[in-house]
Amino acid sequence: MACAVGALVAVAGVVAMALPGRPEPWPDHLMRRAAATAAWAAAAVYSLGFFDVLMSEQAFGDGADSVPAPACRDGFDPDTVRGLSHHRSSYLPLRFDCVREDGSVYSGAPGGYGWMNAASASLALSAALLVIGAGYASELRARKAAATS
Numbered sequence: 360m361a362c363a364v365g366a367l368v369a370v371a372g373v374v375a376m377a378l379p380g381r382p383e384p385w386p387d388h389l390m391r392r393a394a395a396t397a398a399w400a401a402a403a404v405y406s407l408g409f410f411d412v413l414m415s416e417q418a419f420g421d422g423a424d425s426v427p428a429p430a431c432r433d434g435f436d437p438d439t440v441r442g443l444s445h446h447r448s449s450y451l452p453l454r455f456d457c458v459r460e461d462g463s464v465y466s467g468a469p470g471g472y473g474w475m476n477a478a479s480a481s482l483a484l485s486a487a488l489l490v491i492g493a494g495y496a497s498e499l500r501a502r503k504a505a506a507t508s
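Sequence positions in the sequence shown follow the working numbering and run 360 to 508.
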């Protein structure tokens, strides 16, 4: 939901920059809006993985048929699940690992958390770079104005 709202705000911002009467300096406004959208998207992707790990951790040991963790056995063949001893979870970076008795490990998410970690990190980095770029553009504009005065 937050990504959809952020995308709509970003589209409205881009359209507003193309129309007459746009705010000046418009590149700063556009970069700040893009940074806010990227930050919202990073938060949305990270929260998707965060709550997936949280729900997997919470389902473990909660009632009948909850050991081993459902994330370690749902969607996996019986040979993969055989010999599970425990699981490890992490919220930064996102992961839910299932550990067998022989020490081998497999991810508890069939889709994996790698794309969520990469997407949230790259979106957060993009947001930071856009904010830094907007600040640099403002500073550069102020220096040029001071030099011409």
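Hints are computed from structural coordinates only; laboratory data are not their basis.
Given the structure is predicted, the values throughout are model-derived calculations rather than measurements.
Incorrect hints may appear among the rest.
[Stated by the list, open to error] Distance ranges between label pairs, derived from CB positions:
#1 ARG391 to ALA505: 39 to 47 Å
#2 ARG502 to SER463: 56 to 64 Å
#3 VAL464 to GLN417: 43 to 51 Å
#4 ALA418 to GLY492: 24 to 32 Å
#5 ALA487 to LEU407: 47 to 55 Å
#6 LEU413 to ALA366: 24 to 32 Å
#7 PHE435 to ALA375: 28 to 36 Å
Cβ atoms here follow ideal geometry from the backbone N, Cα and C, with glycine treated the same way.
Self-check item: In rising order, the numbers of the hints this structure does not comply with
Solution: Structure breaks hints 1, 3, 4, 5 and 7.
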